[in-house]
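Kindly produce the complete structure, drawing on both the sequences and the hints.
Quick mapping for you: the protein sequence lines, in order, are chains A and B.
Residue numbers for the first sequence follow the working numbering, so the first one is 1 and each next one is one higher.
Residue numbers for the second sequence follow the working numbering, so the first one is 1 and each next one is one higher.
Certain hints may be false.
Stated by the list, open to error - BS3-like, lysine-lysine: derived pairs with alpha carbons at most 25 Å apart:
(1) A/LYS105 - A/LYS1
(2) B/LYS7 - A/LYS42
(3) A/LYS42 - B/LYS65
I should point out that these hints are in silico values taken from the structure, not numbers from a laboratory.
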Amino acid sequence: KQEVTQIPAALSVPEGENLVLNCSFTDSAIYNLQWFRQDPGKGLTSLLLIQSSQREQTSGRLNASLDKSSGRSTLYIAASQPGDSATYLCAVRKNSGNTPLVFGKGTRLSVIA
Amino acid sequence: SAVISQKPSRDICQRGTSLTIQCQVDSQVTMMFWYRQQPGQSLTLIATANQGSEATYESGFVIDKFPISRPNLTFSTLTVSNMSPEDSSIYLCSVKGQTHYEQYFGPGTRLTVT
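Below you can see the structure in the form of structure tokens.
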């Protein structure tokens, strides 16, 4: 059974810092991995999608990497801003595109002005 | 990408009643997914709804408690039946893109059962 773990569970940083969020998964036979952002009480916003054949994806100040063989992904946020404060969720899809996503519990990020 | 809307956005319901949540997508999709997020927890898949067939429920979820309708390729409903305070959660509708299987989520329905 696929399990996804995110470390740390919570993180507080001053504005302007670069930071890394970690995601690990137990079964390396994944189809893709997706990072989401969730604001309190709201739905999920897709940030980055990495296919199993890719090593990284970038969008603006965000960079996500994938090391499938070791079962790890990182989300790098450059020059953090208070507006980045949210919960960041990592999810993996196993095997094929028709299997459901398995989510981690998320990292709650607070960026202090 | 897909744009998903949900109604209601939030509700406060009494124990023993039922609530139906609507999900509308701006494009035709084969599968729609319903997730639950209990307070402080991550997302758990309730069921997958295919148009024209019965929904497929995950372990721990049953049709009598969470009946789902999927009348067409852009719409689905999830009913939370005979509610108890343990059903207080955010319920999220989701679809999967066709090309790269990127998953998209609606804004969620925040349910509080008193």
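Query - Hint numbers not upheld by this structure, sorted from lowest to highest - result: none
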